[in-house]
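Novice: Model the full assembly from the supplied sequences, consistent with the hints where possible.
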Amino acid sequence: MSGEFLLEVKDVSKIFGYGFLGRVKFPAVDHVSFSMEDEPKILTIAGESGCGKTTLSRIILGMLEPSGGVVLYKGRNVHAPKSGDKAWFSKQVQAIFQDPYDTFNPLKKTETYLYETARNLLRLKDYKEASKRIDEPLNFIGLSLDDVKNKYPNEFSGGELQRISIARALMPEPKLMVADEPVSMVDASLRMNILNMFKDLKEKGGISFVYITHDLATAYYISDEIAVMYRGVIVEMGPAEDVLIGKHHPYTKGLVEALPEYSKREEWLRKRAKPPGMEVKEFLTPYCKYSDICPNRMEKCVTERPPIYNVDKVKVACWLYDGYPVETLQE
Amino acid sequence: MTGIMALRPSKRALVEYIASRTLFYVATLFTAVTLTYVLFKAMPVDAVENIIFGMTSAVGAVYDPKAVMQLRRDLYELFGLGGGSPVESYLVFLRRVFTFNFGPSFISFPTPALELVLYRLPWTIGLLTTSTIVTWTLGNLLGVIAGYFRTGRFGRVLEGVAITLYPIPYYIMALVLILVFAFLIPIFPLGGGTSVIAEELTLEVILNIIWHSLLPALSLIIPGALGWFFISARTLTMETLSEDYTKYAQIRGLPEGHIIRRYVLKNILVPQTTMLALSLGGIFSGAILTEVIFAYPGVGMLAYRATFSGDLNTLMAVLLLSMLAVATAVYVLDLLYPLLDPRIRHR
Amino acid sequence: MEVDLEAAALEGGYLLSSMHTPSPKRHEVYVDAVSDVSLKLRRNEVFGIAGESGCGKSTLIKMLYGYLEPPLVLRGGSVKLHTKEGEEVQITSLTRKQLQKDVWWNHASYVPQSSMNVLNPTMRIRDHFAEMFKMHAGIGRKEAYAEARKYVEQVGLPMDVLSAFPHQLSGGMRQRVVIAIALLLEPDLVLADEPSSALDVINQQIVLNLLREAQEALRNTLVIVSHDMGIHGVMTHRMTVMYAGKLIEIGRTGDIFEKPIHPYTQVLIESLPKLGDKKQRTGLGGHPPDLRSPPTGCRFHPRCPYAMPKCGKEPPEIQEVKSDRYVACWRYPE
Amino acid sequence: MPVLDSFRKISRSFRDAYKGNFKFRLGFSIVLVMSILGLVLPYFSPQDPRSWYTVPKDKPPSFQYPLGTTTMGRNVFWELCASIGKSLTIALITALIASHVGLLIGLVAGIKGGTLDKLLMFLSDTFVILPQLVLLIVVITVVRAWITIPMLGAIISIVSWPWPARQVRSMVLSLRERTFVYTARLSGMNMPKVLLYELMPHLLGWHLVNFANTILFSVGTEGSLAIFGLSLLDNNTLGAMLYWAINFYALYRGLWWWISAPVVTLVLIFVSFYLISVGLSEHLHRIRR
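Chains as they are written, first to last, in my numbering: chain A, 1 to 331; chain B, 1001 to 1347; chain C, 2001 to 2334; chain D, 3001 to 3289.
Read the hints as simulated data drawn from the structure, not as lab findings. A couple of the hints might just be wrong.
[Stated by the list, open to error] Here are the simulated DMTMM-like cross-link-like pairs (lysine to aspartate or glutamate), alpha carbons at most 20 Å apart as the crow flies:
{"hint": "1", "chain 1": "A", "residue 1": "LYS271", "chain 2": "C", "residue 2": "GLU2153"}
{"hint": "2", "chain 1": "C", "residue 1": "LYS2080", "chain 2": "C", "residue 2": "ASP2102"}
{"hint": "3", "chain 1": "C", "residue 1": "LYS2278", "chain 2": "A", "residue 2": "ASP215"}
If you're wondering where the values come from, they're calculated on a predicted model, not measured in any experiment.
Specialist: Here it is as structure tokens:
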């Protein structure tokens, strides 16, 4: 039935327990739902450090069990794979990570991972055949197997490693790429090359991306849709233009206005926002988690968690939009 | 309000902390006792008959058969072999352990083994607490100095000395000291607890005891202060010196002496206290040999005599009481720990 | 225009011994982190130092401050600080003791990167204030605590912060404490090394605005080091761009953002994505050079789209091309 | 293949450590000399070092008896050689058992996590409060009559596994979250393969260091037990030599050569294995950078 969706995240939560006998339940991801249609798109999950976006990405990749909810990839449950699904998932869904220097084992030659991918996912047992196959994605990112061979990760620059990481992820010709802060540790002068590569892969390669970032400017630059997270909850989600320019949720508004840009210099220097409070406390808040510092706080905000409202093309979890149609979770 | 009051240490957090440490204390103690039970249960030989046979067949040994019978029953229960089913024998064993009823000692029959151990305990505790405190203080001081001047000659010499002393067990150090003070510079008495026999504790007796304890204490202090505590204090000092907060204190132009006191020393004391707790277990065992080698009349010497006469009642008493002692020491330090480390206090 | 800090022909870098390299052979490697840097900072300005990671910007401000810890070595040049009392302090010729006693915090203060642990985890916040007052101004504990309240209020923190330990505060709160400490003795010069890079954007705005307000009130010099061009765009009056240990462009921030001259600055400005502007942007090929063996001539020439044969041979001097605008590039002046 | 690979890696890092680190070189040389003394020379012994009165009693070191003779009429030099061999064998057995049991338990606890992890770690915490020597004394008192070399090695390892287990676990916990483990999983490697190829290389160096430390610990513990008369007293070990020397009052009778031979040898063994472990960890620390 859900064949038309590439990825569906339904009511996913991840609760970590800590404290005395794990009694404090810490919801790092708190009832998150979204879906991606089965056509090449870039969906950004944006939020500050500690908003749960990396936990969410690990859940989508099937490397972390959710405490509740399901993740469906092309209608199949990522966390309860049927026989054969597991191999299929790892060919269909690949990932790129934040720290290029840690992406490859420092004690091993970098090309090992390319050959492992060829052998395990593409079933290429023959060394020559595998080498030929590895060269293709490396050429795409502007390197060749000869440049990479017999070198340890510390012999490459961060930018190069990140590109090799992309090449490896491209080898099984995935349909979905999860990119967790892929450019935050890459120098500014090289950053755009990688983001342009993503755009290219989407348009020409038909690959969809889940782009996870704290940087709204790059998010705006490449994404079709964007979901803004705060303390484990998606507060606003929709087409990038409508979310980042429309700024429905007070948190989105705060984030966008705090972005330092030369053209907004005067307003930026005048603005006096309220700082976010203690992370742990906000995560544990049973009502709206942003209410503590929200400039638009109402009485309702500190008694009840807001539902998700459909405001034009955007979904917003904020009481300000009381009266708009409420989004319900379809089964 | 974005105030931080929410994270103030609440009474409940404190109660929870104490409760969790107490639970842990009871649980480890219980598990340790159970492990001992399992160990003897799993032993392929009939320990008790073996021991009884060893004792009664010794040359010239004449024993009261009644005493032997009593001993046999005690041993069976203490080794978890009394009673019928394993559960039953386990319960009997637990009852024995938790009522401190280890039966009569064999070496001085019919004095209860417990009494024998308790009589020796002050000697051991006196030697250990003094030498441990001295060792710990000295080790930390020297370690901080060596860590601070790590590139200087003094630091290097200390490091060399430490590498040599660190791996040497206490008893070897004791033997080395005896070799040195017996042949090279014979000034210290080589053994015994005291050479003055007196009923009362006069000043003369006390001084005599201290005089006799000096060499044993030295054999505990030298490897500890220059090895174990020294090396960890030195490593921690070097780590703390490269921490951001120490660097930032230098950047702020704070004097070096102030940085060493308030930044380095204060921060290394936290892990060093854990080391202290951990080393208590090790020193207890180490001191046994020290006592044996110096013929010092403590618990270790008692265990030695018990081993030689196969007095397992007394040995079991020593084993279980030292478990209790170490567990309690760890527990007490656990409870004191939050006073040292604010990060734990507020968790 | 009053000059506050003058750096002339600074040379320095990291002397790494075999301790730091995997080779078992004993040899030394020199990383040329700061090469021939001359700068004049003015009184009452916010000055920015921009550049990518490893370009030497953090090393440069450590040299300006006089905090030279091995393996960092100063090979040449001088730094002169003009205090508001009209004294002239030669930072490069003072010993560590003299700097600690007379210069640091009295005349110049330093805001480090907002890392998790720049504050002593076993000390209450109020004692961080007290020790600074005691050591640099001879003020006793009681008085210092009272004084500290003023500063905590100034940076917008609740009073109970004073009796808290660092780990009880959020990253943004800790950084505000650090800023309050930096302002204690009203220094002539505040050097801030990536003061907001570990913070979220909202805290970043708060922290940077605090620094900026303090600068306006004290009319002193604030130096901001950041890899983020956006921060320079909103915060600084003048700025410089560093590449591979060299200053390649200096000028008024507005001028640089509106018309960058050096090819590298151009890339930095033009590759900056902006909200509401989906224009295709491109980066740069290649990667920054290894400073253990920097390229000859202009250090940017291997990546420069306009490189000429001359660029690979001779390093260009930085020189004034317009009023208050300096560039190190063979294409200028035309 | 991976086994061969690890062997190659181990031998290479040994070679590098030997070349690059003075402490390792010194320690390794002493150990080498000790091994020759203990494992090769006893085959050339003119007398069985276990039998009594093969040489005149209580002779100080001389040309004929390089380390003197004992009251039991044994030649100290040959007795020492045999003892070194026996003590090292016992220690090797302990190290083989304890370090691998520790490694395995640490790996399992770190990777499986959850209840099993909590249980295993609680168990190792419990061992911290067990007074190791007293426990060993009680155990060996019971089995004294049947004790053999492998058995002694095995019994000592009862108290030697918890510490490495804790260390391995905490290393695995931090390694598990490293990005390259995720990369390996995404490259289609299964968990056993990730463990063997990704985690083991990082643990191997530490494992060697721990191996050396366990040998050191075991030699020391054997000595302690022997003083209590709880070792292979009739079959020379370094501990047994100490035992007889002490029991015949060698010290008080001025037979310093008898007691100082095992004491000096033990000190050399402790220092050399410790130098190996320190040198190796310094070397590993340096190549990590």
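Novice: Against each hint, give a clear statement of whether it holds in the structure.
Specialist: Going down the list of hints, with the structure as the test:
Distance hint between LYS271/A and GLU2153/C is fulfilled; the C-alpha atoms sit about 19 Å from each other, no more than 20 Å. This hinted pair checks out: LYS2080/C and ASP2102/C have alpha carbons roughly 14 Å apart, not beyond 20 Å. This hinted pair checks out: LYS2278/C and ASP215/A have alpha carbons roughly 15 Å apart, not beyond 20 Å.
The structure agrees with every numbered hint stated previously.
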